[in-house]
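**Q** Each chain is listed here by its residues.
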Amino acid sequence: MAIEIRIPTILRTYTGGAKAVDGTGATLEEVIGDLESRHPGLRDRLVDDSGLRRFVNVYLNDEDVRFLGGLSTPVADGDTVTVLPAVAGGAR
Amino acid sequence: MPYGEAMLTIARELVDKIVAHARADHPDEACGVIAGPVGSDRPERFIPMENAERSPTFYRFDSMEQFRVWRDMDDRDEEPVVIYHSHTATEAYPSRTDVAYASEPNAHYVLVSTASEDDVEFRSYRIVEGVITEEPVKIVEAYG
Chain B
1032 MAIEIRIPTI LRTYTGGAKA VDGTGATLEE VIGDLESRHP GLRDRLVDDS GLRRFVNVYL
1092 NDEDVRFLGG LSTPVADGDT VTVLPAVAGG AR
Chain G
14 MPYGEAMLTI ARELVDKIVA HARADHPDEA CGVIAGPVGS DRPERFIPME NAERSPTFYR
74 FDSMEQFRVW RDMDDRDEEP VVIYHSHTAT EAYPSRTDVA YASEPNAHYV LVSTASEDDV
134 EFRSYRIVEG VITEEPVKIV EAYG
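So the sequences go chain by chain: B and G. Position in the first sequence (from 1) plus 1031 gives the number in this note's numbering. Position in the second sequence (from 1) plus 13 gives the number in this note's numbering.
If you are wondering where the hints come from, they were derived from the structure by calculation, not from laboratory data. All of these numbers come straight from a predicted model, not from anything done at the bench. Check each hint, because a few of them may be wrong.
[As the list claims (entries may be wrong)] Pair by pair, the computed Cβ-Cβ distance ranges are: (1) G:LYS30 / B:GLY1100: 54 to 60 Å; (2) G:ARG89 / B:THR1111: 14 to 20 Å; (3) B:ARG1069 / G:SER53: 30 to 36 Å; (4) B:THR1111 / G:ILE60: 46 to 52 Å; (5) B:ARG1097 / G:ALA33: 41 to 47 Å; (6) B:ARG1069 / G:ASP29: 21 to 27 Å; (7) G:GLU134 / B:ARG1069: 17 to 23 Å.
[As the list claims (entries may be wrong)] Derived SDA-like pairs (lysine to any residue); straight-line CA-CA distance at most 25 Å: (8) B:LYS1050 / G:MET86; (9) B:LYS1050 / G:GLU78; (10) B:LYS1050 / G:ARG58; (11) B:LYS1050 / B:THR1104; (12) B:LYS1050 / G:ALA33; (13) B:LYS1050 / G:GLU142; (14) B:LYS1050 / G:ASP41; (15) B:LYS1050 / G:ARG139; (16) B:LYS1050 / G:PHE80; (17) B:LYS1050 / G:ASP87; (18) B:LYS1050 / G:GLU92; (19) G:LYS151 / G:GLU78; (20) B:LYS1050 / G:ARG89; (21) B:LYS1050 / G:LYS151; (22) B:LYS1050 / B:GLU1061; (23) B:LYS1050 / B:ARG1084.
We put the beta carbon where it would ideally sit given N, CA and C, even for glycine.
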């Protein structure tokens, strides 16, 4: 078994159009590193020098990883990681 | 890339719901989604969202509410056909931050302005890779 990562429309250019891809790793950071090895460029859309990008939401199963352990959140086979770009904006 | 005509066709009842939501939350920005069947380009299911920022100058969907709503849409083979929000003191035109965070290339981005008490501005845009394209809005009584 692997970890399923669900990819939003706007990032499917990195996955050849796939809505979901498999990955491996013991933490979210390792899973993102594993994805990067097969889908170059994806990591840069998810993380920056300070950690997860502010306007990207990442969920482990049903929880926002910001309320878990961020990039060091432990993951296990059979888990689902969902990526959703935040919907945000404003008057300025 | 966006599909369908370069126009938003939307039922009057949904326009009224967006305007009512924007008025109710004024002076904070209101935001939400209208879902429709994938590929249909037809807004059908009105989903008002909480503005997690509760701000007159910024909006952001609550991350857990967004997760539930996006999963529901996935289960129903829907997508966000319209993503709307209000500007409460400025015109209904996408701001720099609206463009920076626009992340649904297939969506019609609807902006309403509640800056005037008498009149609500209701406009629609495509925002793809940083480029804003305004499109006409066709309000219909029912979808044909």
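**Q** Hints first: check each against the structure and report whether it holds.
**A** Verification of the hints:
no., hint, in the structure
1, G:LYS30 / B:GLY1100: 54 to 60 Å, "violated, 39 Å"
2, G:ARG89 / B:THR1111: 14 to 20 Å, "holds, 19 Å"
3, B:ARG1069 / G:SER53: 30 to 36 Å, "holds, 33 Å"
4, B:THR1111 / G:ILE60: 46 to 52 Å, "violated, 23 Å"
5, B:ARG1097 / G:ALA33: 41 to 47 Å, "violated, 32 Å"
6, B:ARG1069 / G:ASP29: 21 to 27 Å, "violated, 48 Å"
7, G:GLU134 / B:ARG1069: 17 to 23 Å, "violated, 46 Å"
8, B:LYS1050 / G:MET86, "holds, 14 Å"
9, B:LYS1050 / G:GLU78, "holds, 21 Å"
10, B:LYS1050 / G:ARG58, "holds, 23 Å"
11, B:LYS1050 / B:THR1104, "holds, 23 Å"
12, B:LYS1050 / G:ALA33, "violated, 35 Å"
13, B:LYS1050 / G:GLU142, "holds, 20 Å"
14, B:LYS1050 / G:ASP41, "violated, 35 Å"
15, B:LYS1050 / G:ARG139, "holds, 22 Å"
16, B:LYS1050 / G:PHE80, "holds, 16 Å"
17, B:LYS1050 / G:ASP87, "holds, 11 Å"
18, B:LYS1050 / G:GLU92, "holds, 13 Å"
19, G:LYS151 / G:GLU78, "violated, 30 Å"
20, B:LYS1050 / G:ARG89, "holds, 16 Å"
21, B:LYS1050 / G:LYS151, "violated, 32 Å"
22, B:LYS1050 / B:GLU1061, "holds, 20 Å"
23, B:LYS1050 / B:ARG1084, "holds, 21 Å"
Violated hints, in rising order: 1, 4, 5, 6, 7, 12, 14, 19, 21; the structure is consistent with all others.
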